[in-house]
Every structure is written in structure tokens, then in C-alpha cells.
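Sequence lines, in order, name chains A and B. End of the first sequence sits at 749 in this note's numbering; the numbers just go up one at a time, nothing left out. End of the second sequence sits at 677 in this note's numbering; the numbers just go up one at a time, nothing left out.
No wet-lab data here; the hints were simulated from the structure. Positions of the beta carbon are idealized from the N, C-alpha and C atoms, including for glycine. Hints should not be assumed to be uniformly reliable.
[What the hints assert, rightly or not] A few chain B residues that don't get close to chain A, going by computed Cβ distances all over 12 angstroms:
no., residue
1, Gly-11
2, Glu-21
3, Gln-71
4, Arg-84
5, Lys-122
6, Phe-251
7, Lys-361
8, Ala-369
9, Gln-399
10, Leu-403
11, Gly-413
12, Lys-648
13, Arg-665
[Stated by the list, open to error] Residues on chain B that point at chain A, a partial pick, calculated with CB under 8 angstroms:
no., residue
14, Arg-88
15, Asp-92
16, Ile-113
17, Gly-114
18, Val-119
19, Arg-189
20, Ile-330
21, Val-331
22, Asn-332
23, Lys-334
24, Gly-625
25, Arg-632
26, His-634
27, Thr-655
28, Glu-664
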Amino acid sequence: MEKMIHFTIDGVAVEAQKGETILTVARKNGIYIPTMCYISKTSPCASCRMCVVEASGMDGFVLSCNTPPVEGVEITTSSEALNHERTNIMRLYDVNHPLECGVCDKSGECDLQNKTLEFNVARQNFSAKDQLRPLKKWGLIDYEPSLCIMCEKCVHVCNEVIGDDAIEVQFGGYKSTIIPKGSDVLDCTFCGECIAVCPVGALTSSNFKYSANAWELTRIPATCAHCSAGCPLEYETRHGSINGDKKIYRVKNNFEFSSLCGAGRFGFDFENSAKKDDKAFTNAIEALKNAKAIRFSSMITNEEAHILELLKEKLNIKLFNEDARKFAAFMGSYSSISGKKHYSGSLEGIKKSDAVIVIGSRIATDNPGVRYAITTASKHNGAKVVYAHPLEDVLMQNVVTQMMKYEVGTEEGVMVLLADTLLKNAELTQDERAFFDDLDLGYLHAETNLGDEEFSHMMKSFARVKKATLVLGEDLISHKRSSNIAKLSALIEKYTNFSLVVVPRDVNTLGVSLINSLERDEETLNTVGYNAKGDFVISSIGGGDLDIPSLNQQEGTFVNIDRRVLPTNVALPFHGYTLNDIAKAFGINESETVNYTKELKKDAGFRAVSFDDLENYLGTLGEDNRGYILEDVACKSDGELEELDDMPEFNGTVIYHANPVLQFNAYTNKTTQLPKDDYLRGSAQFAIAAKISDGDLVRVSFGQTTIKRVFKQDADLKGTIALNPVYDLDLDSSRYRFEKSKIERVINE
Amino acid sequence: MGKVYFSTWNGEFINNINVPEEEWKESAYNLPAQYDSHRESKAFIGWDGVALFDKDVDVIRLAMEYAAQYQEYSEACGRCAPGRWGGRILYDQLDKIARGEGCVSDLEHLKEIGKSMQVTSKCEIGKTVPNPIIDIMTHFESEFLECIEKQKPSRHYHNDVSYIAKITSPCSDACPSHVDIPAYIEGVRDLRMDDSLMATRQTMPLAHVCGRVCPHPCEDACRRTNLDEPISIMALKRLGADWETDHGYDFFHPMQKKPLNGKRVAVIGAGPAGLTTAYYLAAEGVAVDVYEELPVLGGEVAVGVPEYRMPIGKYNKDIECVKDMGVNFIVNYKVNADDMRRFENEYDATMVATGTRISKKVYCQNERADIKGYWGAIDFLDKVNLYEKYGYTISKEEQEKNLLTTDFVDLTGKTVVCVGGGFTSMDVVRCAIRANAKKVYMIYRRDEKTIIKNTTYEEYHEAVEEGVEFLFHSAVAEMRDEDNILKSLLIDKFELVPDPNGGRAELVKVEGASYVIEADYLIPAVSQSADLKLLPPEWEIEMTSWATIKTNGKDYMTSRKGVFASGDCEYGPMTIVNAVGQAKRAASVMSRFIHTKEISLTDDEIMEDHLRKLRVYNKKEKITGWLKGVPRQHSQVLEVEDRKYNNKEVNLGFTQEEAMSEAERCMRCYYIAMVQA
């Protein structure tokens, strides 16, 4: 336990831990110090100087945001002199700030507006020559430099939390401005976090601009439905026109503590606007009566999953969901060694780590939430980040300290080598030790293409590590040898200081994997698809045989990567039928879908809490009060490590199913703002191997599938693996993402 | 220290207004009254006040131009609300008055804004810019009021007047390389390591090295010392370099390399001075050939400084960074006088940066080089480092000469005595420990306090921990040998006798206190001298009394036109940062010389020298606006048992958390100084 520092703020006795500043302690104790540039999740910008305080024994004012307290110091946060200087700062901020609040997007929720009122700055006291500062259009983001107060929050989050490091301050005194870093136009992942943190109307969403006033919008707290990070967000809605339908105008987040990617922020209009269709409903009931199975996706709530489970029992049919089934199988193998149902890590845990190993995921686009957590760890803790994957990812270079480039298909070998390295000094059981002693390391090093020196370099860089996280991606879950991989990961978690995070693919893969009893998918006749392929399709995206509400039109819960049961709410109404209506038709009677929230499987860790009792907010200090975390459940630990399989070989032109930034699935594809980059992307080397060139229309064949894509040569890629988007394909999402492929140029078609 | 018309510098108040020039009082400070050889200064204005050397200075415009500089030097500013808007308002209001459009309320606004800037600005630059402006407004109020009342422009508002300004800080001023220290610390604080590294590399290409083994004279000039403890400046430099290396980035150069301009420069020696010269000249588009006598690059930092202090892997990154600028290296090539003569025709200029690689004698009885066991420090460290870092083994012949039985330095069972007291001797004794010597002594004439002052506390402390025995107030009187093999040493004891007249205390031998210690090796590490046989004798290059190459210490050209010298061969054995600083300046001078054949300094360099003379750091200044007692961070050091017998890097550097805490302590003491010439 570190020694606490005792001091007083405005006469109140308070204490600080190492690393806390006067400002953070004041906030913790509910003492107000005004700020304009402070943001909790980054290092202090220290630009506004509003947070100055007086300290006993010291002349002058001390900045509270970046000064740690010293023992016994008496801090005064408010005095006439302080107020005078703070007021002068506000007067300076107001110098030449355009008086266009009436047409400014930020009006009504503007920090400058609020503080101007708070400090009663009624007129411009000082003058300086005005300057011409034209608007910059950066795609989804607009930058209005004349409104910018140069607080630098945007620059700090972009670099320290997101990791894009795409904008910077162009220093120039009065002329200072924000510019794209190292480029004329903004080249970033368009998370829009800069918009979120902007205290004024300088950075805005180009789409939202001038469409509504802040105070007209209704905020609906919800959970992002695009990936398993389950980020908190608020849909902001209003009627679309006089007597018009309700519409989502924008998405906002509690940027002080949480972050959103661009898909979450800009990809909100995926609602199903279909009308009620009684005929379709009758057909659906009929189809289900005849069905042998329901095939469904993991983009559903826990409550929907629960109802499907009830239907399965009632109708005595099978449930197919390969994504969740493989995840459940992976976790089952994990449990057989760990003796518990859930892995130990979390996003918050990653943020606090000083070492992170990521294996088997293109994590920056697979799960931006994990990426941001790793960025935070890298920037704030100097975390050593080992990134093991057959493909480099330029988005991760900023944080990765060691790239381990392994051969496609050798994931099991990689895990064994990693476990062998990390468990060198662990007190393993005799059997476990024997497993490692029997390894043919030479073979593994050769097949994986990961040398011994790479692992010793890693261990050297981990010398001072205190808290570490191992992040496992989809390539391991969908791998043929996933069972052994899961067991090895459990062993690492058990014997080392590594926490484990297994990244679920879809928003509720984890929830579904816990709730449903799934069977291996087979091409059965009479399958009803529920947001999935089938002979009769019930779809929330539209275009199916029966329409149901989309995830922004439903209330219910998801289980995210943190094993947290998260509530989401209805942002937009849906006028048709729901799964609960279908269930009722089969005599499964609950008036509301969310009545099932408290019924969710207890032996999977769910609690008997009803939906209306679930909170959905972050506390004033950032405490996550959303929903609850699944209880851990003890399992039988009777698993044994399996003998290794021969490593497969992937030669020729291999493709890797990986989505571009801002795209995840059919729902993000449906939204209007998100760019639809659907190129097959490959390196110059890939182009040569496949005998194609940049801009060619190509036919890509893999497994039973053939698609057409335009090929784009990408200077950021290396080697003979190309990236193939899947958000626009109706593919079995649980397949191993590397595939041998045939690439042909399409001529004269 | 010269006569001034008016001065408020550093709290002095000299007012010779209406006083005949011959009765003017002198300022107590080294103010730059003479700008350069052909220009007098008319005024000097800076963070601490204003000084006028001439009656005819337009003080209103002087104040306005000073405020304008604050806008110009925006790389250090524009980061806080008071500075950004306040600075602009100062300038606009002063200009308004100066052009004859001011009103009395403008003066009030100026004072009001000035005061807010003084108390709330982020950097000292914002806090201090109002100081001389307010001084001028106070003492020359009538001039302001006259302009305002008559609505007329100030005295020389429409005339052509030249103002030269420079930004500085106490730490950068004290750093021989003038590294922009506040900028690289800001990079760490803002978690923008690329910015941090590029700030360092503007004047210091060896970021890994000077983030590890610099004796950091900057920390002696850190203003934070006036409040509590100095910032750990050196250790923060390493962050950027380690980040670049860890993430496998291409090198972040602070400048764009210019296209080749057809000029060629030869650099003799690939140590810090040579590398620095090469880096900055190559950036200017000069084709640079670096000749190195040894088989490896890096000079004394490579073969002198041991691995445990300066891992070669990291130093090689610095060297690669220089290579990346497009420098050509020729190793295993000892340049001689004929080469030098040839270079004069083949190159547009030559830099001699050969260091000091001859170990000086200890001057004791029977001190003979042919006694086996008498081993010069430089050669000893060469042998150790060439093996440990590069795997070069020792030849049979050399083994025999130095009483070795292995092809590397193994001192098992041997007693080693080193005479010294500086960094080189510390390296010798600690390497001897790592070579498994039975017993290691350090003989030093003076006391513990002085050895710490000459090296660092850490260095001395770590040597003691590792088992080196320090014999203070001692000197070797005689080497005793048997058949030319060293057996023992006679040691004299001294004591410090204070001068009764208040002069410097004197070391006096204590009669009868001498004693003998057994010794297998005597390693003299008292000092080193330069081997300058490469200089053609007919050039009659001027030397200093220390037998180093003489320059004026400003442009680093020797008495031979086109031949420059920097680093230890110019200054005598000194620090890496000193060598880099000299070479950086020399490279700048050379970059112009090769085109014009003239020696010139830029205004920035002239101001740099003025400020160095004036001294930026004022250790008596009272600090306001910062909380006293926020502790200096200390990086973790390997435990003695983990480091004593290997070459693992001893200092692990800051963790990110420590680095950020330390960076937050930096007060960003940027200042602007300006001369009206």
C-alpha cells in the first residue's frame, strides 16, 4: 500500500494516492474547481489555466490539474484574486469569439457559453485584431478554427486514447490552430472522438451540423450494438419533421471516461422501418411449426436468445449459431483447465496493464474498444505490446512494441511456444510439465516462423511488468485446434500474472454462448433464419419474410467483452411484431420481452435482476454503473492438454476476412454515413503473386464461395495475404478467417 | 559590465536619463552592449528587465517589438489561454499606441493583461514577457502619454530598425549542446514521444547516449532547484529515443534532408563530435565522409564507456540515425598528414574530431611503460569494450604484454589499482569488477565530495556498492617491479591544509603515512591527451597550452583555413555533450563556409553566446506559482548482485508513470531575449 498524502482543500481534510493531482482529489471530494481543458481520460492539457488554486506557503497560483499535492499543504480553490484571474481568462477566451451562438451546433451544451455565464463576462473587454480562419472540411468531421479555443482536448484523446495520432497543434501563438498531422487532409479512423470532446462548436459532425439544437433532442442511454466492446452511448432523437417520424439525429457518449469508435458514433441509422404485416406474422408462425431448426446470429439481446431457447424446447427443434457455438466450445475447453466459467480480464484491466499480448485478431478493426484500451495502456503505462499475427496492422504500430509475425494456421504452435515461455518457472503439475518437456521446439519455431530470440526479447521487455493481459482473437476461436489453444490460455492465466480476455465477435456472442444450447449447423431443410439465412427469414435488418425490430428499437441486455450484462433501450419505435409476439403465439406468455431479463440462466452467472432495476450510467468519477458483471461459476477442471497437431500450410494467394474501419456487419453497412470500403486490399507482392494490379476487378474464390471485388494495392500491407471485407457478405461468420483463394482478373464483363 | 543609459536588469535600477554620458553608471551584468564585431547594441530587453545603451531608443516600439517576438516564437507559445490571447493583445495595444492611435485606457488594459499573464501563463515566457514591457511603461510613461495625447507615432515607428531575438531557458543555456530541453520534456508530458525526440535531435543527434551517460550540467541550472530539487532532465531524454527504438519506427529527423549541393566535407573520427558534424552537414545537403581509425563506429562512447552504462545496441541506433541522414563511413582508416594534405584539395572543408586517446602518466617514481601491469586506461577500456560489445579478441602478443592468459580481459585473482577521479577512471574500476578482479582500488588525490562533483553521485555510489575501494587523499609515489612485472605500489597520503590567509586549501603530504599495496595492475586514468600527428607540421596549426587544437571557441575553425576542430581534441578531455555542442556549432559554420569561404555566425548563434555570457540561470531567483516539495523521481537501478558480474544496463530508466510525474515538475522556463542592434 502506497503512503497516502494528507492535505486540505478549502479547509476539508482530504487524502491523495500517488499519481493523483489536486484537481482529481478535489473532484473526488465534490469540491468544484473550474476547468476548460481538463479531460479525465488523458494527461492534463494544462492550457486553460482556469484550475489555478492557492497553496499555503507559496506565492502565486498553482495549477491544480497537473500538480500532485504535498503533505500538509492547505489548498484554497476560491478567493477574490483567483476569481479575478479566472474571469480574465474567460474574457480572453471571449476575445473575438464569433457571436453566432444562434446557429452554432454547440449552443446549449457549450462549455464556453456556460463559463461565460458563470463568470458573468457580459462584454468584450480587450481587443485584438481578428483573423480570417476558414472552415476545414474533413469528411465526417468539420473544423471551424474561428470557434476553436485551443484547449487541445481533441489532440490528447486522438493520441492517448484512440491511438490515431492524426491531429496536432500547429503552434502560432494567436494563430495557433489544429491541423491534420503529417498530411493535408485528415487521415484517421474517423472515430469522431475529437467532436465528442470539443467543448465548443469547433469540431462538429458534418452530417449533424445545423440539423437540430442540442436542447430539442431526447437522449436515450443505450449500448452500442456493433461489436462486443458494448460501449455506452446515447442516441439522440427528435421528430424528423412536423408530424414526422422520430429519427436518431446523432450519437453521443460520456467522453470524459468512455470512448466510441466511428461506427458507434456515426453508424446509428440501422433501424428497421417496416410496417406491421399480419400476413408475414402468420407465415412466420407456420414456418416455425414446420421448422427443424432456427439459425440465428449473435446480434440479438439476451432476452431474444432466451426466448429462442424457450421456443427450441417448446417446438423441439435445434438451434444453430456457429459463432456462439464455437465461442462456447472455446470457453468450455478453457473451463476444463481453469475450473471457472469466465476469463478474468476486462477492458479496464487492459487499460491498467503494462504488458499486453494480442494473438489472432486484427484487433484495431475487430474491436476498437480493445484497441483504445491498449492505446491507453501503451501511452499512460508505457505498456509493452506484443502483437502476434500473420499480418502487420499499421493502425497498431503506434502501440505495438513487438510484432510476432507467424505463419497462417500455426496458431496452436504459437500458443504452445508462448505458454512454454511464460510458464518456464511456473509450478506446473507433473503432467503439465511433461507436456512442455516433450515439445519439439525446433519444429514449432520453424513452422510458426517465430524464433526463440523473439520470445527471449519479449521476456526481456517484460522484465518490469506488474500487470499483464493476454488478448485472444477470433482466429483462435475459429481455429481447428481451438480446444487446445483455449486450454493453453487457461494455463497461462492460472500460473502467471496474465489476465485473459477472449474477444467475442459480435455484440452478444458471449451472451448467446451462455444462454443457448446450440448444435452444430447442418444444411437442414426447413430452417427458420433469425437474422440469419434460412428457408424463412425473420430479420431485423429488413428484407426478410418477417420484419422485427433492430437493436436500436429494442430494450434488452447484451453481455459484452467485460462479462458485463448491459441494458440497452428503445431509441426508435417499431410498429411490427417481435420475437415475443411469436413466442406468445406458441403459448410462451410474457407480456414484455424484458420480463425475461431476470430469468436469464443463473448457472451461467446471470443474476435475478429485472430489467428496470438495471442502471445504465457512468458515475461522476467514471465508475461503470451499467448493468452488472456476471457472477463467476465454478466448473469441473478435468481437462488435459492435447497432443499437438501438425501445423497446416497455407500457400499461394491467401485472403484474410477483415473489415475496414467503421464497418462490422450488415447493420453498419445499412447506415448512411459510414463509408463502404469494399476493396480487396493487398500488397504489391500480393498483386504480383495474383497477377493483378491496382484497380482491377477480380473474381475471388474461396471454399464454395465466389465474389467480385475491386483490388486495391495498399502500401501499408506486406506479404501475400490480402484483406477481404465481410461486412457486405452473407458468409458464415464463424469460419477461420484465413482462406486459400483463387484470384482472377475479370476481363470484359 | 559596462556603462548603460538605463537598466532594470535583474532588479538593478540604473537611470542615467539626463545624466551626461561620461557620468553614466555601470550595470552589474554582462549585458550584450556590443552585438558583434561591427554592430553596437542600442538596447537589450529580456525576461528580467530592459537595458538601454543609447539615449535614442524608441522604447515604445522596443516594447511592441518584444511583444511581437512573443508571437513569432510561437513554437514555445500559444499553448495557454493567457499567453495566446494575452500576448496578442499586448502586441496590438502597444502597436496601436506606437502608431499614434492609442488612448489612455489602452495603458490600463496593457497592465491588466500583463498581470494576468504574469500569474496564470503556462510557461515562463508568458509570465515574463510582460516584465520589461511594464518596466518600460512605468519608467517611460511620459513617452507613452505623449504619443497618446498628440496621436503621433513613436520616435522611430516608421524607421528601419533591426531587432534580433532569441528564445532560451536556463537549462538549454547551460547545456553545451543547447538542447531545447523544455520542448523534449513537454513531449514526454504530452505523451508525444516523436515530438520529444525531434526536439532533442534539433541540436543533439545522440539521444540514446545523452539520455543515459550525460553528466547533465543542465540540471545544475534547473530553476526548479530554487524551489526544491532539479528536474531529472537527462533521464527524460531517453524516453523519446527508447520509444522510437521499441516501436521500430524509421528515424524521426527534425529537419528535411536537403538535396545534395555538390559540396564535400571530410570528418576525421566517428565519435560524438564527428557524428554530430556529419549529421547536421548531411542534413544541409553536404556529402560527408567520416574516417574512423577503429574497426567500429562511435569513438570513445563505443570503446570507452562500458556496456552496462551505455548499451551498444542503443548507441548503434544513434549511429544509424546519423547514417540514415546519408553519411558515408570509412572504418579501419587512420588518417595521416598526407591524407590531410590531400583532403584539402578533395574536400571543401575538414573536421578534425579525433578525441584524446593517449592516457597521461601519473608521474610517480619508476613509471615505465615497459613494466607489465602498467596499462593505460584508454587501451584497457578499448580491450574490454571491443570484446564485450563487438566480440573482438585480444592477440597473443597483446595478451602477453598485459599479463593476460585469455583472449579477453579476465582479471580473476588480480589486484587492480586505478589512479583517477573522473568518468574514465570510474569506468575502469567498474569494468575491472566485472572482469572478476580480486580487489579493485581507486586512488584519488582529493576527497569523496570532489569525486562526486567530478562524476555523479550515482556513479560513485554504484562503484562503492560493487566493491571498489576508494583511497582518498592518496597518490602513487612509486611503482615497484620484479623483472619488469608490477608487484606493488608505494602510496603517499595527503591532507588538506587550509590556507591561513583564506586562500585555497592545499594538499600536503603526510610524512610517515606512506604505505605499500600489492598490485598486479596500475591503470592511469588521470587524464588523456590528443594524438595529433595527423596535422601536417608545415601547416603550423596553433595549439593550446594543453596541446589541443586551438580555435576561438565560437566557430571552431583552426588557424588553418578550412580545417575545423571539435570535441576533446579541441577542448581537452571533456564530456560528450560538450563535443556535440561544439560540433553542432561547427557544422553550422561549415555549412556556410563551404559556399562562401567566410566564417560567419547566425544571429541565433551570436545571441546564444551573448546569453551564455550573461547567464540565464539565476540561482537566487524566488519561484512563485509552483508547489514546493513535489519529489524528484528516481529511476530503478539493478540490484548490485544482479549487475556486478555482467554487462546488463544498470539504470533501467523511468517507467512511464515516473517519467510523466517528472515531466510535470518542469516549469517550462522559456525566456525571450532581444537586442536592438
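Against the structure, the hints:
With a cut of 12 angstroms on Cβ distances, Gly-11 (chain B) stays outside the contact zone with chain A, its closest approach being about 16 angstroms. Its beta-carbon lying about 38 angstroms from the closest one in chain A, Glu-21 (chain B) satisfies the requirement of being farther than 12 angstroms from that chain. With a minimum CB-CB distance of about 4 angstroms to chain A, Gln-71 (chain B) fails to clear the 12 angstroms threshold, and the non-interface call is violated. The Cβ of Arg-84 (chain B) does not lie farther than 12 angstroms from every Cβ of chain A; its closest approach is about 6 angstroms, which violates its non-interface assignment.
Under the 12 angstroms C-beta cut-off, the non-interface status given to Lys-122 (chain B) relative to chain A is violated; the minimum distance is some 6 angstroms. Against the 12 angstroms criterion, Phe-251 (chain B) stays outside the reach of chain A, whose nearest CB is about 15 angstroms from its own CB. At roughly 43 angstroms, the least C-beta separation between Lys-361 (chain B) and chain A is larger than 12 angstroms, which holds for a residue marked as non-interface. Against the 12 angstroms criterion, Ala-369 (chain B) stays outside the reach of chain A, whose nearest CB is about 42 angstroms from its own CB.
Residue-level check passed: Gln-399 (chain B) sits 32 angstroms from the nearest beta carbon of chain A, beyond 12 angstroms. Non-interface call for Leu-403 (chain B) relative to chain A: holds, since the shortest CB-CB distance, roughly 36 angstroms, exceeds 12 angstroms. With 12 angstroms as the threshold on Cβ separation, the claim that Gly-413 (chain B) sits away from chain A holds: the shortest Cβ distance comes to roughly 32 angstroms. For Lys-648 (chain B), the requirement that its beta carbon stay farther than 12 angstroms from each beta carbon of chain A is not met, with the minimum near 10 angstroms.
At roughly 9 angstroms from the closest C-beta of chain A, the C-beta of Arg-665 (chain B) falls inside 12 angstroms, breaking its exclusion from the interface. Interface hint status for Arg-88 (chain B): upheld, as the beta-carbon distance to the closest one in chain A is roughly 4 angstroms, under 8 angstroms. The beta carbon of Asp-92 (chain B) is positioned within 8 angstroms of a beta carbon in chain A (closest approach about 5 angstroms), and the interface hint is therefore held. The beta carbon of Ile-113 (chain B) is positioned within 8 angstroms of a beta carbon in chain A (closest approach about 6 angstroms), and the interface hint is therefore held.
Contact between Gly-114 (chain B) and chain A, as hinted, is not supported at the beta carbon level, the nearest pair being about 11 angstroms apart and thus beyond 8 angstroms. Contact between Val-119 (chain B) and chain A, as hinted, is supported at the beta carbon level, the nearest pair being about 6 angstroms apart and thus within 8 angstroms. Using the Cβ-Cβ criterion of 8 angstroms, the hint placing Arg-189 (chain B) at the interface with chain A is satisfied: the shortest such distance is roughly 7 angstroms. Hint status for Ile-330 (chain B): violated, given a least beta-carbon distance of 31 angstroms to chain A, over 8 angstroms.
At a threshold of 8 angstroms, the smallest CB-CB gap from Val-331 (chain B) to chain A is about 27 angstroms, leaving the interface hint violated. Proximity of Asn-332 (chain B) to chain A is violated relative to the hint, the smallest CB-CB distance being about 29 angstroms (cut-off 8 angstroms). Hint status for Lys-334 (chain B): violated, given a least beta-carbon distance of 36 angstroms to chain A, over 8 angstroms. Interface restraint check: Gly-625 (chain B) against chain A, minimum CB-CB distance 3 angstroms, threshold 8 angstroms, status holds.
Given hint, Arg-632 (chain B) at the interface with chain A, is violated; its Cβ is 12 angstroms from that chain's nearest Cβ, farther than 8 angstroms. Interface restraint check for His-634 (chain B): the shortest CB-CB distance to chain A comes to about 14 angstroms, outside 8 angstroms, so the restraint is violated. Hint status for Thr-655 (chain B) relative to chain A: holds, with the closest Cβ pair at about 6 angstroms, below 8 angstroms. Hint status for Glu-664 (chain B): holds, given a least beta-carbon distance of 5 angstroms to chain A, under 8 angstroms.
Violated hints, listed in ascending order, are 3, 4, 5, 12, 13, 17, 20, 21, 22, 23, 25, 26; each of the other numbered hints is respected by the structure.
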